[in-house]
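Trainee: Chain by chain, the residues:
There are 2 protein chains.
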Amino acid sequence: MKFLFRLYNYHFSKDKNFAKRLRSILGFTPYNIALFKLAFYHKSASTEKLYAIRSNERLEYLGDAVLGTIVAEYLFKKYPNKNEGFLTKMRSKIVKRQSLNKIADKMGLDVFLNQYNNTKLSRSMLGNALEALVGAVYLECGYYKTKNYVINKILRSYLDIHELETFDDNYKSQLLEHCQKNGQTVTYKMLAKYKFEKRDRFKVAVLIDDKKIATADDFNKKSAEQTASEKAMQTLGILTETDS
Amino acid sequence: MKFLFRLYNYHFSKDKNFAKRLRSILGFTPYNIALFKLAFYHKSASTEKLYAIRSNERLEYLGDAVLGTIVAEYLFKKYPNKNEGFLTKMRSKIVKRQSLNKIADKMGLDVFLNQYNNTKLSRSMLGNALEALVGAVYLECGYYKTKNYVINKILRSYLDIHELETFDDNYKSQLLEHCQKNGQTVTYKMLAKYKFEKRDRFKVAVLIDDKKIATADDFNKKSAEQTASEKAMQTLGILTETDS
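So the sequences go chain by chain: C and D. Sequential numbering from 1 applies to the first sequence in the working numbering. Sequential numbering from 1 applies to the second sequence in the working numbering.
In short, the hints are calculated from the structure, not lab data. Some hints could be false.
Which copy? The list can't say, so a pair holds if one copy fits it or any two copies do.
Said to hold, decoys possible - Derived DSBU-like pairs (lysine-lysine); straight-line CA-CA distance at most 30 Å:
| hint | residue 1 | residue 2 |
| --- | --- | --- |
| 1 | Lys222 | Lys181 |
| 2 | Lys153 | Lys96 |
| 3 | Lys231 | Lys93 |
| 4 | Lys222 | Lys195 |
| 5 | Lys78 | Lys96 |
| 6 | Lys147 | Lys231 |
| 7 | Lys82 | Lys211 |
| 8 | Lys147 | Lys222 |
| 9 | Lys203 | Lys153 |
| 10 | Lys221 | Lys153 |
| 11 | Lys145 | Lys120 |
| 12 | Lys78 | Lys106 |
| 13 | Lys43 | Lys77 |
| 14 | Lys222 | Lys16 |
| 15 | Lys189 | Lys221 |
| 16 | Lys193 | Lys20 |
| 17 | Lys106 | Lys120 |
| 18 | Lys37 | Lys16 |
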C-alpha cells in the first residue's frame with residue numbers, strides 16, 4: 001500500500017518535483033510527503049501560535065536525539081577499546097552545529113529551505129533542517145532504517161571519520177606551529193586573575209611578535225589560553241577546514 | 001539458542017543469583033551476563049589502564065544516548081501539540097542526574113553496585129548505573145525492546161509524568177507562596193551590575209523579612225532572581241520532593 005503511495009508521490013502528485021529531489025538525497029521516495037515538507041519549514045514561515053506544529057522545530061528536536069544515538073552507537077562499535085571521553089569528544093565533533101551545517105550544505109538542503117521560507121537563510125537553519133530531516137526519516141521508517149540511512153548516506157558520504165579522529169583541536173599547538181613556520185614568536189600573558197562566584201578566573205592574552213591578537217577568560221588558565229589561541233586563529237584566518 | 005542460555009543463566013550458572021535479581025528489575029533473564037555485570041562496575045573498581053573496557057563508562061555513554069532518544073520520542077508522541085521548548089524542558093526534567101539517581105534508587109540498583117564495587121556509593125553512581133543498564137539492554141535486545149522496557153518498566157513505573165508536567169520550577173513564585181503563608185515578606189535587591197565578557201551581568205540577593213538569605217549571579221536579572229530563590233529554598237529546606 002505504502003509502495004503505491006510512493007509511486008504516486010514520485011510520478012503524479014503535485015509534489016512530484018519535491019519527491020524526486022528528496023529521493024536523490026534520501027535514496028527512497030517518501031510516503032508521507034507533508035512530513036518531509038515540514039522538515040524544511042523554519043518557524044518564521046508560520047504564525048507564532050501555530051509554529052509549534054507548522055515548523056520543523058519539533059522534528060528537529062526528535063531528529064537531534066535520534067542522530068545523537070545513531071552516532072553514539074556507531075562510534076561505540078567502531079572503537080571497542082576507546083574510553084568514554086574519546087567517544088564523547090568524537091561524537092561532539094560530528095554532531096556539533098558547525099559540522100551539521102556543513103554536511104547539510106554539501107547535501108544541498110539550501111535548495112529545499114529556499115523553496116519553503118521567505119527569510120534569508122542562516123547557516124544554522126541548514127543544520128536544523130538536517131536534524132529535522134532525520135526526525136522525518138525516523139517517523140516514516142523507524143530506527144533501523146534511519147540508522148542505515150544516517151550511516152551510509154550521511155556519515156560515510158560526507159564525513160572523513162579518520163580526519164576527525166586525528167583532527168587537532170589543540171589550538172595552542174596549531175597556532176605555535178603556524179607561527180614557527182613564519183618565524184614568529186607566540187607568547188601568552190596573564191592579564192588578570194580574579195574571583196568569580198568564589199572561584200579563581202583568569203584573563204589571558206595571546207601575543208604574536210609581542211602584538212596582542214586575542215584575549216579570553218576561563219576558570220582554568222590552560223583553557224583560557226586554548227580559547228585565546230582559537231580566537232587568534234580566527235582573526236588570522238588560519239583555522240583548518242574541518243572546524244570552519 | 002539464546003533461550004537455552006537464558007535458561008542456563010537463570011537456573012544453573014554461577015551467576016544465577018545475579019540473574020534472578022536482574023530478572024526482577026528487567027522482566028527477562030539476560031543472555032549476556034557479563035555485559036550486565038559490567039553495567040555495575042564503577043571505574044574505581046578497575047585499574048586505570050583497563051577502566052575504559054572494564055567499567056560501566058562506555059555502557060553509560062551508550063545508554064545515556066539511547067535513553068535520551070526514547071524519552072524524546074515518548075514525549076513527542078504524548079504531546080503532539082506542544083512546542084519544542086516544552087518537550088526539551090520535560091525531557092531534561094526526566095533525564096537529569098537527580099531524577100535518574102532517584103529512579104535507580106527506587107529500582108534498588110544500589111544492591112548491585114554494592115556487590116561489585118568496594119568504594120562508598122555516591123548518588124551519581126546510581127544514575128550512571130541506570131544509564132549503563134539501559135546501554136546493556138540495548139546491546140542485548142535492540143532499540144524497540146529497549147524502548148518498551150524503558151517506557152513500561154522505568155517511565156511508567158517510577159515517574160509521575162503529570163506531576164512532572166505541572167511541577168513548578170518557578171522558584172520565585174514558590175518561595176513567595178511559602179513566605180506569604182508564614183506572613184513573611186520576600187524582596188529582591190540588585191547588589192551589582194557589571195560587565196563580564198562584554199555582557200551585562202547582575203548579582204542579586206533575595207531577602208526574607210529584610211534578612212539576606214542567598215545571592216546569585218546571571219546575565220539576566222530574572223534568572224539571577226530564580227537561582228537566588230532556589231538557593232534560598234535549599235537553605236530553608238523547603239524544596240519540593242520532585243526536585244530533590
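Trainee: All hints are to be evaluated individually against the structure, with a verdict given for each.
Mentor: Outcome of the hint check:
1. Lys222 with Lys181: within (23 Å within a copy, 50 Å between copies)
2. Lys153 with Lys96: within (18 Å within a copy, 32 Å between copies)
3. Lys231 with Lys93: So lysine 231 and lysine 93 pass the 30 Å test inside one copy only (18 Å; across, 35 Å).
4. Lys222 with Lys195: This pair counts as both: shortest intra-copy Cα distance 17 Å, inter-copy 23 Å.
5. Lys78 with Lys96: Intra 19 Å, inter 28 Å, cutoff 30 Å: intra and inter.
6. Lys147 with Lys231: For lysine 147 and lysine 231, neither the intra-copy (36 Å) nor the inter-copy (43 Å) Cα distance is at most 30 Å.
7. Lys82 with Lys211: neither (41 Å within a copy, 53 Å between copies)
8. Lys147 with Lys222: neither (38 Å within a copy, 42 Å between copies)
9. Lys203 with Lys153: neither (44 Å within a copy, 49 Å between copies)
10. Lys221 with Lys153: neither (41 Å within a copy, 46 Å between copies)
11. Lys145 with Lys120: neither (33 Å within a copy, 43 Å between copies)
12. Lys78 with Lys106: within (24 Å within a copy, 35 Å between copies)
13. Lys43 with Lys77: This pair counts as between: shortest inter-copy Cα distance 20 Å, intra-copy 37 Å.
14. Lys222 with Lys16: Intra 55 Å, inter 50 Å, cutoff 30 Å: neither.
15. Lys189 with Lys221: within (10 Å within a copy, 33 Å between copies)
16. Lys193 with Lys20: For lysine 193 and lysine 20, the Cα distance exceeds 30 Å both inside one copy (59 Å) and across copies (56 Å).
17. Lys106 with Lys120: within (18 Å within a copy, 51 Å between copies)
18. Lys37 with Lys16: Classified as within: same-chain Cα gap 12 Å, cross-chain 53 Å, threshold 30 Å.
In terms of the numbered hints stated before, the structure departs from hints 6, 7, 8, 9, 10, 11, 14, 16, listed from lowest to highest.
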